[in-house]
Structure formats: C-alpha cells, structure tokens
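Q: Here are the chains, one letter per residue:
There are 2 protein chains.
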Amino acid sequence: MLNFNFQNPTHIHFGEGQISVITKEIPLNARVLVVYGGGSIKTNGVFQQVSDALAKHTWFEFSGIEPNPTYNTLMKAQDIIKAENIDYLLAVGGGSVVDGAKFIAAAAEYEGEDPWDIIVKQQPVNKALPIGAVLTLPATGSESNGNSVVTRDGTKIPFSSPLVRPLFAVLDPSVTLSLSDRQISNGVVDAFVHIIEQYLTYSVNGKVQDRFSEGLLQTLIEEGPKALAPATKDDLEVRANIMWSATMALNGLIGAGVPQDWATHMIGHELTGAFGVDHARSLSIVLPSLMQVRREQKREKLLQYAERVWHINEGDDNVRIDQAIKLTVEFFKQMQVPTCLSDVGITDKDIDLLVARLEKHGMNALGEKGDITLDISREILTKAL
Amino acid sequence: MLNFNFQNPTHIHFGEGQISVITKEIPLNARVLVVYGGGSIKTNGVFQQVSDALAKHTWFEFSGIEPNPTYNTLMKAQDIIKAENIDYLLAVGGGSVVDGAKFIAAAAEYEGEDPWDIIVKQQPVNKALPIGAVLTLPATGSESNGNSVVTRDGTKIPFSSPLVRPLFAVLDPSVTLSLSDRQISNGVVDAFVHIIEQYLTYSVNGKVQDRFSEGLLQTLIEEGPKALAPATKDDLEVRANIMWSATMALNGLIGAGVPQDWATHMIGHELTGAFGVDHARSLSIVLPSLMQVRREQKREKLLQYAERVWHINEGDDNVRIDQAIKLTVEFFKQMQVPTCLSDVGITDKDIDLLVARLEKHGMNALGEKGDITLDISREILTKAL
Chain A
4 MLNFNFQNPT HIHFGEGQIS VITKEIPLNA RVLVVYGGGS IKTNGVFQQV
54 SDALAKHTWF EFSGIEPNPT YNTLMKAQDI IKAENIDYLL AVGGGSVVDG
104 AKFIAAAAEY EGEDPWDIIV KQQPVNKALP IGAVLTLPAT GSESNGNSVV
154 TRDGTKIPFS SPLVRPLFAV LDPSVTLSLS DRQISNGVVD AFVHIIEQYL
204 TYSVNGKVQD RFSEGLLQTL IEEGPKALAP ATKDDLEVRA NIMWSATMAL
254 NGLIGAGVPQ DWATHMIGHE LTGAFGVDHA RSLSIVLPSL MQVRREQKRE
304 KLLQYAERVW HINEGDDNVR IDQAIKLTVE FFKQMQVPTC LSDVGITDKD
354 IDLLVARLEK HGMNALGEKG DITLDISREI LTKAL
Chain B
4 MLNFNFQNPT HIHFGEGQIS VITKEIPLNA RVLVVYGGGS IKTNGVFQQV
54 SDALAKHTWF EFSGIEPNPT YNTLMKAQDI IKAENIDYLL AVGGGSVVDG
104 AKFIAAAAEY EGEDPWDIIV KQQPVNKALP IGAVLTLPAT GSESNGNSVV
154 TRDGTKIPFS SPLVRPLFAV LDPSVTLSLS DRQISNGVVD AFVHIIEQYL
204 TYSVNGKVQD RFSEGLLQTL IEEGPKALAP ATKDDLEVRA NIMWSATMAL
254 NGLIGAGVPQ DWATHMIGHE LTGAFGVDHA RSLSIVLPSL MQVRREQKRE
304 KLLQYAERVW HINEGDDNVR IDQAIKLTVE FFKQMQVPTC LSDVGITDKD
354 IDLLVARLEK HGMNALGEKG DITLDISREI LTKAL
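Heads up: the protein sequence lines correspond to chains A and B, in order. Numbered continuously in the numbering used here, the first sequence closes out at residue 388. Numbered continuously in the numbering used here, the second sequence closes out at residue 388.
Since the hints were made in silico from the structure, they are not lab data. Since the model is a prediction, treat every value here as computed from it, not as a measurement. All the given hints hold, so there is nothing to weed out.
Intra- or inter-copy, both count: the list cannot distinguish identical chains.
With a cut-off of at most 30 Å between alpha-carbon atoms, the simulated DSS-like pairs for lysine-lysine come out as follows: (1) Lys124 to Lys27; (2) Lys79 to Lys159; (3) Lys159 to Lys363; (4) Lys79 to Lys59; (5) Lys59 to Lys130; (6) Lys304 to Lys236; (7) Lys45 to Lys85; (8) Lys27 to Lys59; (9) Lys229 to Lys304; (10) Lys130 to Lys27; (11) Lys336 to Lys229; (12) Lys159 to Lys386; (13) Lys124 to Lys85.
Next up, chain A with everything else stripped away, as it sits in the complex (with noise of 0.2 Å):
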C-alpha cells in the first residue's frame, strides 16, 4: 500500500437517545449558533430534541441552507456571528447542512480580505469556529471529515481542512425514519459511490482497505434496498447499518494509502450545477458508464469487485466484468435513481455544454493517474446517454 498520514478525532455518539450528549459536548459557556436547512427538523422532533439539550446554553438560529449551499447563503450567517459573538456552531442536517457550517466557520475566522478565497484560492485555513454536528441524513460523511462543497453562481468548488472537521458527531438512525425515500435513495448511493472511488482504482495491495471498501458495499446493497421496502423500511437496524456505513465511506479510513478517483464526482458536479440533477443521481448516472470506459485501466479491481461483492465467478474477465457493472446498475435501480442521462431528460446535445464546463473548471486529468482527459470525459457522457 502507499504511506499515508490518518487521524479522525471526531467524537461519535451513535444510536437512538444520543442527541442529548450534546449538553455536556458543547462547552456551558460557548455561544452557539444552530445552522439548519428548511426546517424539516422543526415537524420531526430533532429540533426540539437540539433545544431540550441547549436548555441551559445561550444559542442562536441560522437556517436555510439549501441543498448544495450556496456562498450567497452562507455568507448571511457572517452578520449573527458577528453580531452575538458566536464561537461555536452546532449543525443540525445532512451533508449540505454540514458542509455549509464548514465554509461559515472558516469563513468567520478568515483573516484576508474575501472568504470566498478559500475555496476559489485554496487559501489555507488557518482558524475556524469549532463546529458539532447532529446528522439527520446519511450521505456524505461531512460530519467526520474536513471537506465541504459550496456552490457560487452553479458552479461546486470544493475545500478541506482538518479545523473544520466536527468535534463530534451525533449519528441517531431513529432521526433518518423521517426522510423521504429519495433522500434516503440518494443517502445510500452517494455514499455507495464514495466507496468506490475510494476502491476501483488500481491495486496496491491495500489488503485492508480492500476488504473494509468490499464489506461496506455490501453492507449498502444488503440494506439499501430495505430501507425502500414497506415490510423494513422503518426498521431501526436497517437504519444503523445504512448510517454507519455512509459515515465509514468518507471519513478518511478507507482511502489512507490507497490511489483515488473521483472522476464520478467531477463529472456528476456539472449534472447538478448545468441542469438541477440530484447530486447522487448524477454519480449514478456516470459511474457506470464510467466503469465500461476505464474497464482496461481499472480491469483488476472490476474482477476483484464482481467476485467479492457480487460473488461472480462464472465466464471469462469480460463477462465477469459486465455482469458486475450489470448488478451495479440493478442496485442503483433498485434504489429508484436514473442510471443514464435519458432518465433525467439530458440528450447528446448537452454533452458539449458538460465537457465545456469541465473544462471550464479545470478537470482535464480525472481519474487515480490524472489520464481521464476531457476527451475521456466525452466518452463517459456519451456512453451514458
């Protein structure tokens, strides 16, 4: 495997009751500003479950992040923290919700002149509003991990520091009961996909790190789909796993010291900033296609992957390859997203559009080598039609 450097000191309180250790996990005398989205969590209890345990702390709103938060957004949570003195921010939601407490608490402590340098320069940052956060949605791993994603005028730029990365995470499965079956469909495949990029590369003997991807993947196909059916979708269980897993997929473990593509991301990222499609339909959209045409460069780890995950052992390498990219595709079915971009009203006319973003945005060396050029970015669009 390669040298790499991990350290997650998030401090996870996991099942059903936990939200109420954030008493004694936010200091007493901290001034604390909640951040939340559209409210979802004033109808189904979370929210009054964040007051029980703020009873005795002095905290303050911020709410209407949206889904792929926006630094317009963001940046008018800058005039409460001023104005009350915030010095810690407890996110209560899911990846966006966290991702954007992540750009307003480096945001309040940048010390340049425009915040948005952070992301649009990589600006270090070197400061940040400690942060807690209290997931609602399993998805993106953002509640143990220093990245974020905001979004300026369509476009999604990402950053990453350690400081930003939540103190601590409460992870309730019983709060995730309450979501809509897309949210959790695309809860299970954005976390599916950060597996996999994390995983289908080429091979370095990462033993380890094999194994952990594989049991996670399976874990998602095993519970996935039950999280949809009427017979277990409220089963409690089912939700734990599917939590556990989507925290697992992105929180740095299965990724140290092994080669990553985050080729599907990239591209899935002009999906949603040109035409609005769900950020894990757009990864669902791609990765297949994606997997047929990087099948030589990933050839290895696809054998790996269909005999491991999906217990093919019949035929020769391409067949065995297809068919493991078949039941890919099966499962995204199954969890009710598009898996082409026919599904979501995209045609071989936009694919120009796409390309042009990419390449507007710098993504011209995709891929675990950088050798997913645009040209081969056409070729995924186009094989997903």
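Go by the hints and put chain B onto chain A.
A: Just chain B now, with coordinates in the frame of chain A:
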C-alpha cells in the same frame, strides 16, 4: 447494533521512512524520555532513526521494559522523570513497551499516594504525560488505544484511560523485517484473537463491524503465513498489511456497537502468569477449546465465521462449525504456535491451579454475557489439554 461512542484521535504515520515525522510531532521544547525494551532497536537501526529525528530535542533514555512489563520496572522510570523534568514519553517498541509507557505516563502525574492504585483499585487517570509511539512489533494495537496491561507478582492486570492513548504512532512496516519468526507469529495470532473476541459473540446485526472483522481476519490468514515463509517473509507489502491489520484489530473501531468476549485473554493471562507461556501462545491454546465449549452460545456467529472467513458452505451446522474450528487450529499451526496445553507441557494436574488463579483474580463471570463461570473455564481448560 448497540449504542456506542467512539473516538480515536491517534495520528497514524504509516509507511517506510516515517520515523522522521517525530521531529515535528514532538514539540521542540519538550523534555522527552525515550522508553524501550531489551535493546533490539539499537541493532536494527530504529534507535538511530529516532536519535536522528530527535537531534534538536532534549531527550533521555529509559530501557529494560520487559515483555509483560512489570510494575517494579516501570516505577524505576519515575526517578529520571522527576530528575530531568520529563514532560513527553516516546515509546519505541512493541505492545509491552507501549503498555509500559502508558503506566509510566499515568504514574508520573498520579496525585494519590500509590500509583499501583490506578491498576489494583482502578482509580481514574485524571492526568498523564503525553505519549508518542514508534511501533516495532505489530500485535497489540496498543499504539492507538488507551489500554495497558501491567504485571506485578506474576499477575497481569489491565487498566484503561483515553489520557494514555498515544497522540501519534509511527507504523513503518520495514522495521518489522528484523523481527524473529516467533515475534511475527505471536503478533499475528494476538491480533487475530483480538478480532475474534470482538466478533465471535451473539449477533446484534452490526453489519459494518462484522464485515470489517471478517476482512481483518481474512487479511491475517492470507498474509500471516507469508511473513514466515522464506520466499515472502521480506515482502514489505506483507508486513504492511499485517501491521495495519493489527492496529485496526484493537483501536476501538470493530468493537464499537457490538458485544465483546475477552474470556480467551483472561484465561490466557493465567497461563502466562503461572507458566510463562507467551501471551499470544496462551490465546492460541485457549481459543479453539473455547469455540468448542461455547459453540451453542456462539452458533450463529460461528456459522457466519465458517461461511465468510473460511468459505465453508457444505454440511450441516455442526459439521460447518467443526470445520471452521479445525481450520482455525490449522492456521495457528501454520503460524507455528501451540494449540493445546500439552504443546507447552501443561497437564491435567495443573488445571486446579489455573482455575484457582482465575478465582483469585475475580474472573468468575467471563464472556459476552458474563456467563462463563469458573466451572466453564475449567471445562475450556480441560478441553484444551
């Protein structure tokens, strides 16, 4: 799965040449005590690398920490800590050295009368010197957990505190190339049994934890024998996979949210205490017998273990369980460790003594449900003859 909280902030630096990172990890103004064992680090180049990395630091040495570190040895370190105002410990060695450093760190800051109370009265550790670790023998996971076992008058007693968890750990697989076959085999078997003890209980449907445990077991089964075979024993990838497996085996992750059964360790400790059996070898003797005696209580997990780890799919339940236990024993034999008491010269005449020791040490309610009585431990020991 069960509710849990999990945090592991140890910063892992993994790979060849990583010892040099201690220059930056340890504050330059620290007064460092480098603690180590019998001096093998002086012949294999590790001590030199540590010296080079600490060239600008103020540091001192304390050596002689034995396998199964003793209270008497560890307390001798307090003199130099006081005389030189030591405020940072760097443990360079295997699990015994790291365990020993943990007790030294806690004893140095203990405010009660007798540091032994930390262990024998399980007094809480409120303060401890910071610890860094350079691991030379993959086995115990001590480099990234808060656990320690200290021996006094032939009795091994554990203590635990997050305050003695190393702040960082350097895992350079190339330093393990100078280990003896016996050290390697002991390390692999110790790690294997750590995993089993967090896995082979009753099922709580912790799918991620199960898959991770199975992946680690499979990795050790594949890589362990290679580290002993002449053609592959110097393969750095083999060493890397073993090293990372051993750390992951006991850093808290696979045990979070699932029941645990440490009976094999507790019974094994008496073999070490009474007869000087190597720690890992006490485990390889006890585990197969414990699997036999507890086959009804562990039936579901034993069948899962048979299928997923050993790929046994033929025969009825009892046949599959027998086969899994048989393959476990064969793996231990491949790893060149004893698998029954007669292999180390212990006979039926010694069982009374071992049970009496368990009773003296309060080990009368072992196992994941606390239902392994002294009688059942006797049965396990008898079947291990």
